[in-house]
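*Asks:* Listed here are the chains, written in short residue letters.
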Amino acid sequence: MKQHFFPALRLTLASIVVFMGLYTLLIWAIAQAAPNKGKGETVSVNNKVVGYKLEGQNFTEDKYFNSRPSAVGYNAAGSGASNKGPSNPDYLKDVQNRIDTFMVHNPSIKKEDIPSELVTASGSGLDPDLSPQGAYVQVERIAKTRNIPDKKIKALIAQQIQKPLFGLFGPEKVNVLQLNIALDNLQ
Amino acid sequence: MNTEILGVIAMFVIMVLLAIPLGRYIGKVYNGDKTWLDFIFNPIDKLFFKAGGINPEKEMTWQQSMVALLVINLVWFLLSMFVLMNMSWLPLNPDGNPSMTADLAYNTTVSFVSNTNLQHYSGESGVSYLGQLLLMLFQFVSAGTGMAACAVVFKAMKEKSTQTLGNFYNYFIKSCTRILLPLSIIVAIILMFNGTPMTFKGKAQFTSMQGDTVNVSRGPAAAMIAIKQVGTNGGGYFGANSSHPFENPNYFTNMVENICIILIPIALIFALGYILKRKRFAWIVFGVMTLGFLLLVIPSIYNEMHGNTAITQMGILQSHGSMEGKEVRFGPAASAYWGISTTVTSNGSVNAMHDSFTPLTGMFAMLGMMINSFYGGVGVGFLNFYIFIIIAVFISGLMVGRTPEFMGKKIEAREMKIASIIALLHPFLILVGTAIASHLYAHDPTAYAGWLNNPGNHGFSEMLYEFTSASANNGSEFGGLGNSTPFWNIAPGTVMLLARFLPIIGPVAIAGILAKKKYVPESAGTLKTDTSTFGIMVFAVIFIVAALSFFPALALGPISEFFGMR
Chain D
191 MKQHFFPALR LTLASIVVFM GLYTLLIWAI AQAAPNKGKG ETVSVNNKVV
241 GYKLEGQNFT EDKYFNSRPS AVGYNAAGSG ASNKGPSNPD YLKDVQNRID
291 TFMVHNPSIK KEDIPSELVT ASGSGLDPDL SPQGAYVQVE RIAKTRNIPD
341 KKIKALIAQQ IQKPLFGLFG PEKVNVLQLN IALDNLQ
Chain E
240 MNTEILGVIA MFVIMVLLAI PLGRYIGKVY NGDKTWLDFI FNPIDKLFFK
290 AGGINPEKEM TWQQSMVALL VINLVWFLLS MFVLMNMSWL PLNPDGNPSM
340 TADLAYNTTV SFVSNTNLQH YSGESGVSYL GQLLLMLFQF VSAGTGMAAC
390 AVVFKAMKEK STQTLGNFYN YFIKSCTRIL LPLSIIVAII LMFNGTPMTF
440 KGKAQFTSMQ GDTVNVSRGP AAAMIAIKQV GTNGGGYFGA NSSHPFENPN
490 YFTNMVENIC IILIPIALIF ALGYILKRKR FAWIVFGVMT LGFLLLVIPS
540 IYNEMHGNTA ITQMGILQSH GSMEGKEVRF GPAASAYWGI STTVTSNGSV
590 NAMHDSFTPL TGMFAMLGMM INSFYGGVGV GFLNFYIFII IAVFISGLMV
640 GRTPEFMGKK IEAREMKIAS IIALLHPFLI LVGTAIASHL YAHDPTAYAG
690 WLNNPGNHGF SEMLYEFTSA SANNGSEFGG LGNSTPFWNI APGTVMLLAR
740 FLPIIGPVAI AGILAKKKYV PESAGTLKTD TSTFGIMVFA VIFIVAALSF
790 FPALALGPIS EFFGMR
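Protein sequences, first through last, are from chains D and E.
Following this note's numbering, the numbering of the first sequence begins with 191 at its first residue and continues without gaps.
Following this note's numbering, the numbering of the second sequence begins with 240 at its first residue and continues without gaps.
The following block holds chain D by itself, in its conformation from the complex (with noise of 0.2 Å):
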């Protein structure tokens, strides 16, 4: 034990000089080439920062694309989902009152055409995105609020969606902050 003791103590320590150091300084070193010096990328409309890139934030509003359901109210301080089982009774009732809101709010919606995703809170609770069908079900009631034709902003959901990568890997989608952004400026 006591000859063990000693090589633990000093390889420990190099450890923590290599390890918690000298690899942390590398990638923060590099990290200064990175996009905003790996400080996080901000959006900014007319100079001003209204969000980050890759978070999501609360779209609530009837003139906004609403964002997904979040369990920590998008507070980006924290970060977190609901974690409820899917046969829990509350949660189904939450689920069910989501749907009845969104009927209420988009009067013209069948309810088949609601996706999933509109009424379930994400994993992070910071979902930027929404699926172009999550988009689309939610035209009409924007074209309304706003008084623009719906062909309008189909077109410009269209222009935002982003497709899967190399067009072959994973869901496409459309970030929901630079979709209010451009509907912002439709006007």
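Cut-off 30 Å, straight-line C-alpha distance, at most; resulting in silico cross-link-like pairs (DSS-like, lysine-lysine):
1) E:K516 to E:K267
2) D:K253 to D:K283
3) D:K229 to D:K243
4) E:K297 to D:K192
5) D:K243 to E:K440
6) D:K227 to E:K440
7) E:K267 to E:K518
8) E:K440 to D:K229
9) E:K649 to E:K297
10) E:K267 to E:K755
11) D:K344 to D:K253
12) D:K238 to E:K440
13) E:K757 to E:K399
14) D:K227 to E:K442
15) E:K285 to D:K192
16) E:K656 to E:K757
17) E:K756 to E:K267
18) D:K301 to D:K342
19) E:K397 to E:K285
20) D:K192 to E:K755
21) D:K344 to D:K334
22) D:K334 to D:K238
23) E:K399 to E:K649
24) D:K342 to D:K243
25) E:K442 to D:K243
26) D:K227 to D:K353
27) E:K289 to D:K192
28) E:K442 to D:K229
29) E:K442 to D:K238
30) E:K516 to E:K273
31) E:K755 to E:K399
No lab work stands behind these hints, which were simulated from the structure alone.
Let chain D serve as the given structure and place chain E on it in line with the hints.
*Replies:* Here is chain E on its own, set in the frame of chain D:
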């Protein structure tokens, strides 16, 4: 074909294609052969040997290796307890986060030293940047520990008849510097250029388009996320782990991270083939593991893509699958694939919330951890598999009336006793732990009401999952469990401790004992271990010993929930 499915297939294929050359490289590192990276790493390793006062040429017996392993882990334990309980006043704490209580620090310390990374705190508010970096240190060294133990077993399998099995410190340092470090640097760079933060600045503030004031947590995340994936650690920087947009910005990073989860565990199999010069044997092991993996992953993807049946009944569009706890940019297929990747290995990072998986996917995730050797953790995955090989050799030897021999060594009562104890330890820890927790809850549901986030069978699954994850040194969670209580900190903490070190010592002991025995050359009477028949035998042993011992518990949890929802 559906792009989500295609993405999953691509991940698997790329992973295997990368693991083959990496395995060769790892084999060379442990053999001490020349590699093209020597010019960088020889001087670095020399510094480590000098700083540690170690002679890397000095041969150690298996017992000496294990003592060295335990002592250095003890040092880490003490260091971690000190920092976590005092970080509020230590440097690098821009957000003013508090120190941990003793029970939480114990859980977190054991969790990170044992390569588990069960997290009963939230990264944004529960640790300082110094704490995060210290935990990152353990992500390197705990992975290195597991790989070093595996290297000792490789060495034992390779030698004809020997007392000594190389130098533990040598394997340990080389695992950290030559394998984990370069891979982590590459992954960290990829992550940063896709938007993962790497900064020492504290929280940032902005006003959202609807006028809310939002604070944004940041920190030196990229460095930690890289090693968390490469070293099958899984402990995330942010509370939501790899579902957080900063930890896993897009589908590309998701593919990179998911490939890293299984990369080294598979590469180690190919490394074994290289070291023993028995490629066929390595492919048999890989085949058995992959068969198990596919049997878990395919139905999971199917279930998640078909959505929650209770929500389907509400009449909405389910073509996007079950999205509770999932992110749109990954979709249900990649989330299910990750869910199984992370549980068959001992990684435990998540890109979707396992608590909200459909019942059977949750069960397959648990089964991955209960078996814990379909790929398994870095190093320790093969050690678990080794136990099953020993048992399979013994049983099939008895069945066909041949002396049970493995790699030219007779397997006798002593080795079998160790193998049986280790194989039974895992179900013992999980089932006894869950039984105690269930007993407490059932006898006083009001006092422990904060424990469970979901009622009924799913609540039972939450407790079962926690102990399974702890005993598999996995670290993923059914996050609804109210786990920041002394019971949940101390009981799973102790399970992690036992389930880490005994399953390392056991296989190393067997390998060490076998290595000392006389080498028996292969003859007509030898049971061939590099045939698919033997592969199927190992698979059967795993299925019977590991999977079936958990069937009653699974029937009470996810299986009942599944039938209850129909």
